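J.: Chain residues, written in single-letter form:
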Amino acid sequence: MPDVISVRALEKTFRTPVPADPKSGPLRKLAHFIRNPSQPLTAVKDLSFVVPEGEVIGFLGANGSGKSTTIKMLTGILTPSAGQAEVLGFVPHRRQTEFTSQIGLVLGQKSLLWWNIPVLESFKLYRDIYNISSEDFETRLEVFADVLELRSIMHVPVRKLSLGLRMRAEIAASLLHRPRIIFLDEPTIGLDVRARLKLKRFLLRVNQETGVTIFLTTHNMFDVEDVCSRCVILSKGSALFDGAVSALKANEEHKRLDVEIFRTLDEARLGNVLDRCEVLAKDGPVLRLKVPSGEAVSIIGELYESCEMANLNVVPPTLESIVERLFEKDESEGGASAGQTLQAAV
Amino acid sequence: MLGKHFKLLFRFATISFRNMSEFRIDFITSILHNIIYQAIFIIFWKSILGFTSGSLGEWTFPELAILSAFTLLSTAIMQWFAGLTALSRKVLRGEIDKYLCKPISPLFALLAEEMRALASLQQLISAIVIIGVITVYFDVTVTLTSALWSLLVLLIGCISVVLIQGTLALLAFWFGDVSRLQHLFLITGEFERYPLTLFPSWVQRMLTLIIPIGLISTYPVLIFVGQVEIATTYLLIGGALLVLWCGIFSVTWRRALRRYESFGG
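Protein sequence lines correspond, in order, to chains V and S.
Read in order, the letters of the first sequence correspond to residues 1 to 346 in the numbering used here.
Read in order, the letters of the second sequence correspond to residues 1001 to 1265 in the numbering used here.
Same shape as in the complex, but just chain V (with noise of 0.2 angstroms):
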């Protein structure tokens, strides 16, 4: 499949106010309020990955690490302060007809429909906007109120809607032109799991039928484990991880092992298989075990040998608990740097 997204190096800074200093004078307080001094404070750094056609990728990261930006920068609503970005052979912030008109774009937190006016009439606006003709805005209008349950709100104003119908709403109305890429920018904030799965089998219909290319952020493990067959994950801007999500859970340097063991405990008996290993909890005849990835094998071997188990169950590690512990990793070796390592192992 060709790539439909490129981006090398690709870099954002914004001017952020310097605060006065509350320990300074009337005067000194005066003239930094007339200057107004700024600093650069970089939202995206140093980013490159590229898109293959009809992928479904998730961006992962907690506020402020970059995911809007990304995602705007894609979609030519930002433009980069550095690095470059291409997207379907276009450079997004040029915003060219033939670009703009095969993205669809989808914002969680920010209506992009209009917000007084019913649904309907919000839908018949992108029929103009995007030259649909009437054939075929009557039948996908059909399709997204059958599948995305639309019907019953088509003439009531968009800011009577709930976040979960005003969220259906944006994405079908987002599709109508059948775009070749949609952008979604944290779609599941705010629903309920009901809506949120929902919207998850929807996109994943659609990407299965058309398709169209789904570059998805979210702070939400969930929402990448179900949907997205690759994930970047993104702090302070910079990618840590970017690879399949089966390889993300692969990465994982521990497995938990839950023994259960017909009689008491003897510890002696268990040997060094206990110093080889993290005992998380002991409690009676279970025992819940933190043992290295690579050993795992070898440990059960041995547990087997040395007590008569009743029970054991090798946990895999969620999806959660890995990137929380990526996150960690890249907090306590500085940043990027710890990035480019797990990157490179994976």
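It should be emphasised that the hints constitute simulated quantities derived from the structure, not laboratory data.
One thing to keep in mind: the hints can contain errors.
Pairs of lysine-lysine, DSSO-like flavour, derived with a Cα cap of 27 angstroms [what the hints assert, rightly or not]:
#	chain 1	residue 1	chain 2	residue 2
1	V	236	V	124
2	V	329	V	290
3	V	160	S	1046
4	V	124	S	1098
5	V	124	S	1007
6	S	1046	V	110
7	V	160	V	236
Here the structure is a predicted model, which is why all the values come from computation and not from measurement.
Knowing the structure of chain V, use the given hints to seat chain S on it.
T.: Chain S only, in chain V's frame:
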């Protein structure tokens, strides 16, 4: 492309009508506001002229009443460009996003979304009614040529003024909240309600050559009633200002979009 934009303009105008008619109370009070506001000014001029010999300088009551109606006309024209004054608010709220990611000129979309078609129509009708009644009742002679020249000067003046307002609003991309600055400019707009020729010559020059308030009320009225027969001077001044502010606005707009920070989210 042009067809698409006309189609969109029509749809946005329909939306504008629906938006305003949805808030029915506000819709009715807007009409009342228009009528009462103009009536107050016409009564004011009548009262002032009661203390003079029936005229104020070269201005008679019918001309002053037409001046009031022309302020309505200029407001009716400017309602189509309300998006420019709303620009700074939209920048602060990060609301330019939706225009930038669509295959449509962001400036056109902004203007089309914010235009107040119904309010413009209300004011246009009110102005035509006042001008019609005054010209017939007081037997004011108006030729088709003078009416057309007058409207042309008014249109050029209005667009120049909104371009200045728009350029000031664009400063929000650099400085954030510029509403006070915009308000400061709007204060000069108060001069449009009064005959500019009554003010000292330096005020007249300033309000014609720098901020073209004279071109949106006094001079179009003078051309309309035939007191100024050759409108060429005003057309040249208006044309030069229009080109100048178009250039300034266009350059500032392009630079501003590069600075857009898309606040929120």
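J.: So, for every hint listed, does it hold in this structure?
T.: Going down the list of hints, with the structure as the test:
| no. | hint | verdict |
| --- | --- | --- |
| 1 | V:236 - V:124 | violated, 40 angstroms |
| 2 | V:329 - V:290 | holds, 18 angstroms |
| 3 | V:160 - S:1046 | violated, 49 angstroms |
| 4 | V:124 - S:1098 | holds, 16 angstroms |
| 5 | V:124 - S:1007 | holds, 11 angstroms |
| 6 | S:1046 - V:110 | violated, 52 angstroms |
| 7 | V:160 - V:236 | violated, 36 angstroms |
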